[in-house]
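Residues in the sequence shown are numbered from -19 upward in steps of one, following the working numbering.
Think of the hints as simulated: they come from the structure by calculation, not from any bench.
Note that the structure is predicted; figures quoted are calculated from it, not measured.
Check the hints yourself; a few may be wrong.
The calculated lysine-lysine pairs, modelled on DSBU-like cross-linking and capped at a C-alpha distance of 35 angstroms, are [claimed, not checked]:
1. Lys122 with Lys146
2. Lys216 with Lys146
3. Lys311 with Lys9
4. Lys215 with Lys126
Pair ranges (Cβ atoms, derived) [said to hold, decoys possible]:
5. Leu154 with Asn340: 18 to 24 angstroms
6. Ser30 with Ile81: 21 to 27 angstroms
7. Ala212 with Lys306: 38 to 44 angstroms
8. Ala353 with Ile94: 43 to 49 angstroms
Just so you know, even glycine gets a beta-carbon here, dropped at the ideal spot from N, CA and C.
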Amino acid sequence: MSFPFLMILILLMVVVWHSFSGGKDQTIKESFSNFMQRVENGSVVEAQFSERDIYYTDKAKRNYVCTLPFDDPRLVDNLVEKGVEVTTIKPPRWTGILVNILPFILLIGFWFFIMRGMKNQNKGALSFGKSRAKLQEGSKSKTTFKDVAGVDEAKEELQEIVEFLKAPSRFQRLGGKMPRGVLLVGRPGTGKTLLAKAVAGEAQVPFFTISGSDFVEMFVGVGAARVRDLFAQAKKSAPCITFIDEIDAVGRHRGTGLGGGHDEREQTLNQLLVEMDGFEPNEAVIIIAATNRPDILDPALLRPGRFDRQVTVDLPDIKGRTEILKVHAAKVPLSEDVHLEIIARGTPGFSGADLANLVNEAALIAANKNQDALTMIDFEEAKDKLTLGMEKKSRVIPEEDKKITAYHEIGHVLTSVFLEQVEPVHKVSIIPRGFTGGATHYLQSDKTGYSRSYLNQMLVTLLGGRAAEEVVFNELTTGAGNDLQRTTDIAKKMVCSWGMSDLVGPMTIGKDEGEVFLGKELVARDIYSDETAKLVDSEIRRIISEAHQQALEILTKHRSLMDEMAEALQEKETLETVEIFEMIIAGTEGAERDLAMAKFDRAKEMRFEHSASDEEEEKAEEKPDLLAEIFEEKPKGKTYEIVDPEEEPAEETPEKPKEETEEKTE
């Protein structure tokens, strides 16, 4: 606590004490009429006047106080006539002075306290226009390209910038100019900030870092002043790198919509445009910015001469995920049964941050078990926790709900097995996690292009849970809500975005202008006729109805197998790949059995290539139909891998099942 603030607090306490201690000790509060009655009786011997209060003492030495309700010029004379000794109490002069100047003292002390705190934080009133960028010397940066994995193409592009910062004269002697700005574009968690730090570490140059939101304040002109100060500091430290994170906070498209007009954000953007276009060719100042919303950036910011190079930092593929896992797994002890390639294969759609979190969660799970190393089971549990939520061990599920959930998930399983193009099932569970009562996991690949037949089969699988409820219970529940939403989204995109309807034809219906108020439009507008809208609706309904009918046919045909598998799922709560295909192959024959065998072989290729022993592989080749004999002695402590969220498809690709999972939401 500062000294001025302490002094003000002491003075305030003194004033308060004086205000409440002005009277005598053990004073009895009475009315004015009682006072006058005591005077008439002659029991009052002394009276003291203090403004409108009268303190008096009786013959028994008791102290009283009353309030004078009105001014009575004869009161003092009456008291003297009755023999009362009358005096007055004058408050100390310093108290009145202190009461008068106390508000000013408080204001001055408060201002001193605020200014001192802001000065300590380098945010004083005179530093509003100063840049808040943090400077890190390149020699102190320990991050290099060796710490960045899974984004080889992005590293290759940024390597050119490193070479320019190390030896700019090599490029300048031939008239070459480096890009004045590099925009890193990618989803959250893909490593954009890490790449910028790696560039600074490799080039061994000063590294300025600032967030886009640090420019804009409530005071007009502060953002533009901070931009000018930032670039002034960068030029003094050249060659250097200036990294602006989340630049969409300040670089959003100018124009109509909410927040439009000549506001503080636009002034800041205008100053940024001017500064970026004002570099001299020999000033080695590289601006690197990161965003996950390039669609809302102002076109003037992206033109050649400013951010004229865009580096896409995409989600890693299986090779990239393996490399990322190696970087993070190097910091934790792993058991012999852990195969990072298998984990990488089962985590499509995971970003670098997701994989780092996966390894961390697995380490925490292993620590809670008092293990010395991480196992595949730990990674499996960590994946389920991240994608589906914590297991609700204390939740009591009614038997009827448990039965409905089991049939729902088995409906997804059977429809996927008997459809050739749908990915193999990894496992099915009815253990409640997060907002889900059950989930079916699939072994997903990294493919990004999908055929119409594949999408139609995917719709059948999505509707398998609802169809199973209809076949078994002749009733509908809310468990298929998420399935229906995803089914509708895929069918709508098939008709409106991918031209997969013969009646609508190869055309795009509707115009995607992004979110309202972020672009050029104030309101969303339809650009197609009512007849087209009716045709689109009918085609979406037809596609979904056909998929629903096919799901009903598959499950009706295999009703006995569905009953057997649902009963096993209710008993065990989780069925793994081997258990699922053992039951299906034993309960089918002919072409359906061959299809199930092919699916299982495909699952082994994707999942078990590092888990099954050589002897089991030889047995699988010799006796491909005897699955129970091949896997009757499965290692109890091993898991065959993780399945995880597939990346959300871009606009031109269909939306794959989130987390490779069909979920029943309670």
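Sort out which numbered hints this structure fails and list those numbers smallest first. Checked against the structure, the hints that fail are numbers 3, 5, 8, while the rest are satisfied.
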